[in-house]
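Chemist: Let the sequences and hints guide you as you build the complete structure.
Going line by line, the protein sequences match chains G and U. For what it's worth, my numbering labels the leading residue of the first sequence as 1, then goes sequentially. For what it's worth, my numbering labels the leading residue of the second sequence as 1, then goes sequentially.
Think of the hints as simulated: they come from the structure by calculation, not from any bench. You can trust all of the hints, since none of them are fake.
The calculated DSS-like cross-link candidates involving lysine-lysine, where the alpha carbons are at most 27 Å apart (straight line), are:
1) G/Lys112 - U/Lys222
2) G/Lys72 - U/Lys220
3) G/Lys135 - U/Lys222
4) G/Lys145 - U/Lys9
5) U/Lys60 - G/Lys135
6) G/Lys68 - G/Lys80
7) G/Lys112 - U/Lys228
8) G/Lys74 - U/Lys220
9) U/Lys228 - G/Lys135
10) U/Lys220 - G/Lys112
11) U/Lys143 - G/Lys112
12) G/Lys234 - G/Lys259
13) G/Lys20 - G/Lys72
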Amino acid sequence: MNQEAITVKNLSYKYPDGTKALEDVNMEVYEGERIVLVGPNGAGKTTFMLHLNGTLRGSEGQIEIFGKNLEKMKREEIVKEVGMVFQDPDDQLFMPTIFDDIAFGPINLGLKEDEVRERVEKTILSLGLSGYEDKSPHHLSFGEKKKASLAAVMAMEPRILVLDEPTANLDPRSRAELIGIINELNEREGITMVIVTHDVNAIPELADRIYALNRTMIGTGTPRDIFFNGALLKQNKLDVPDVFKLFEVLRAFGLNCEKLPLSLDEAVSGLAKIIETEGGHIHLHIHEHTHDEIGEWRSKYEHH
Amino acid sequence: MVNYPEIDKYSSLDSPMHRFDPRAKIVAFIILIFAVVLVPNLKLAFIALIGAILFLIASKLPLRFALQHIKWVFLFVVPFIIIMPFTVSGTEIFNFHGLTMTYEGLEYGILVAVRALSAVILVLPMIATTRFDVTIKALGELKMPNMLVQMFMFTYRYIFVFVVEFQRTWRAMAARGFQLKTNLYALKTIGRALGMLFVRSYERGDRVYQALRARGYTAKPKTLVEFKMRASDYVWTVVIIGFAVSLLIVSFA
Chain G
1 MNQEAITVKN
11 LSYKYPDGTK
21 ALEDVNMEVY
31 EGERIVLVGP
41 NGAGKTTFML
51 HLNGTLRGSE
61 GQIEIFGKNL
71 EKMKREEIVK
81 EVGMVFQDPD
91 DQLFMPTIFD
101 DIAFGPINLG
111 LKEDEVRERV
121 EKTILSLGLS
131 GYEDKSPHHL
141 SFGEKKKASL
151 AAVMAMEPRI
161 LVLDEPTANL
171 DPRSRAELIG
181 IINELNEREG
191 ITMVIVTHDV
201 NAIPELADRI
211 YALNRTMIGT
221 GTPRDIFFNG
231 ALLKQNKLDV
241 PDVFKLFEVL
251 RAFGLNCEKL
261 PLSLDEAVSG
271 LAKIIETEGG
281 HIHLHIHEHT
291 HDEIGEWRSK
301 YEHH
Chain U
1 MVNYPEIDKY
11 SSLDSPMHRF
21 DPRAKIVAFI
31 ILIFAVVLVP
41 NLKLAFIALI
51 GAILFLIASK
61 LPLRFALQHI
71 KWVFLFVVPF
81 IIIMPFTVSG
91 TEIFNFHGLT
101 MTYEGLEYGI
111 LVAVRALSAV
121 ILVLPMIATT
131 RFDVTIKALG
141 ELKMPNMLVQ
151 MFMFTYRYIF
161 VFVVEFQRTW
171 RAMAARGFQL
181 KTNLYALKTI
191 GRALGMLFVR
201 SYERGDRVYQ
211 ALRARGYTAK
221 PKTLVEFKMR
231 ASDYVWTVVI
241 IGFAVSLLIV
251 SFA
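Modeler: Okay, structure coming up:
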């Protein structure tokens, strides 16, 4: 197993008014892993995220980044290791042009001018932002701004990337593109990812492991573990991918499907396999138990 | 698409003023603007105005765009032309029910207006011919205090965000039947909407600060700039400052 990238031990945090936002939160992330953090609104996801680069300090507990205690790390050291992409790109892009914004981090890391230029150029190329250097953020579309925010953080070459709702409000194409970029960065550069998202359909593509947070960590496991844990999902107002639900329905209609698919890709290969083993076709039917099963299925996902 | 009130809308044109080094441009035009507002008589004021118009022509900025910006400033100047003739004492032109218009007053009013107009016209070739972010960087290079440069930079970045946010609020109000009228209710509602905008700006400020810190902000951001003075920059600097100095010499000699 790889080295531990992030270790959170017994972290608690109270808002200034005394409300407990996080209580005894534990997490372990290994280098190169892609972690998705899920949880209902107000579960403390963003608050937790802001602890990972020391923006907020917990009242109790400790966080280690590559084995080093965050409390004892210098600011420059932290921002060099942990990059954070905020949800609203208008918060993230604060410089007048995209070039300046991407150069901002590397300059703060104390790099020389030619090194900064090199980094900016490299980042712009790798994220397909050529031609945007001199543009102001208010001239970009939301999707472009989102990509630029990611570029601005990537230029600092962090080993850990924390993303808050990277796919929110994106059109389908930009969303797919961004998911692709995140996975490519993980594969090519081995960057450890912690992704906060409500986009359940994106989770199978983005997650090696899920952590479910609702003020405290309420569950962890592979997407499959979590999506099969009906009680956990229901209690915490969480959801599963549409493909997964559809195949549950198909199973009620008699589809002989052992392993429910989480993504479309899995669905395609799963279906192909079923058709192959069943002699060239699939068979669906309605029996008496079908109605009962569909009823059960409905109640499983009703969040009332 | 939002129609932003951008001063640097035409900064991508090509003209001698656009090619002029931003640092030299700022220094030269500021000196000229000071000289223009100091001219003591109408004759020199009109020479200054002609000079300003020539610089504006040299900048190739569209006339419509220029008038749009001059228009607003001129609204502030018009009262001087109206009030001055009746308040400055001197040779009487006519008397209307005890209200006397004087020749000196009229002359002074026009002088104020022409000086202001020339100054405003000069601002256009100075800042409308450079991307605003470059102008800010040029100010930084000219040793403007870092704190001010940052304030300019963030203001420039976020003014557009606030414009959009306000428009959004405004549309939401209109969508629920709000109409702008001159009654207390309308004023109260606008007051509340502005209040919300302040609160939201404050919260955004918080988040931006978090984002700044997350990328190692240390209150001294630097930007990379590439400014280089060429021969033509020196020529223009000499021409503009020369014009300014001549105005001053003729004025006070």
